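Novice: Sequence:
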Amino acid sequence: MKGVLQDLSLWDVGLAALLIVVNGALSVALKLDLERKLAWAALRTITQLLAIGYVLGWVFSYGRWFVVLPLMIVMTLIAGFAGAQRGARTYLGQRVDSIASIWVSSWLIGAVGLFVIIRIHPWYEPQYAIPILGMILGNTLTGVSLGIERMTEELTARRDRVDMALALGATRWEAAQGPAREAVRAGMIPTLNQMAVVGVVSLPGMMTGQVLAGQSPLQAVRYQIVIMFLIAASSALGTVGAVLLTWSRLFSKEHRFLATRLVERTRAKRATG
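Under the numbering used here, think of the first position of the sequence shown as 977, with each following residue one higher.
Certain hints may be false.
Between beta-carbon pairs, the in silico distance windows are [stated by the list, open to error]:
#1 L1234 - T1021: 36 to 42 angstroms
#2 A1146 - I1028: 44 to 50 angstroms
#3 G1145 - F1042: 54 to 60 angstroms
#4 I1054 - I996: 20 to 26 angstroms
#5 W1149 - I1096: 52 to 58 angstroms
Please keep in mind that the hints were generated in silico from the structure rather than gathered at the bench. All values derive from a computational prediction rather than experimental measurement. Cβ coordinates follow ideal geometry from the N, Cα and C atoms, glycine included.
Assemble the whole structure, with the sequences as input and the hints as a guide.
Specialist: Right, here's the structure in full:
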């Protein structure tokens, strides 16, 4: 006889929330000074998840493309803005680059998954379209943010070598290809690490959810394999795109390194504040 997944009451959720007290106690004991951040993070988790729960409940019940599509756009824009927040240095246009690279790669690979592989009909079925895009966006966001951060750090650290290469006649790509390779590698590593241990060290969220919902474990595994490959492809495309966009903004067509466009994030905030 199969077990039935029980509905959780607010009391059950409250009991789980009390576990955060353990984190707070550790912070106090070790003098980490993280109590306020933990409390704020817990509050945001509850608020954000409850809000998206109500929104998805309404979207799922309505199920029309003109409802699903705007939600997907909002998710993408939030991911794009978040991807531009990482790193000690920034440049004018970083948000645009982050949004563009995440949007193009995630929607392209998501379309392949929905139209070609899983073949959802209609394509905007919210039960599939929103969670799949969400998983792709989350991982692509990580790759893009790491790629941009490493690219700006590598160019700053290697500025003398980059300028020397340009002075000796190298093209802007020849001067920047070393930092670009390191940036792309940094952006792809989290996904590669995840793929290396999936199913052995961790059970991914989609697979766990399907198993808890009563789906065949083998069928759940097949879906998870598809999702992992979609994530890997989107993360790689997004990272490469973000690095190339960063490169194009920081190097002129006359093969000069525009190092002055790179500013510390704190200075940029003061300038816009």
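Novice: Find the hints from earlier in the document that the structure breaks and name them by number, from lowest to highest.
Specialist: 5
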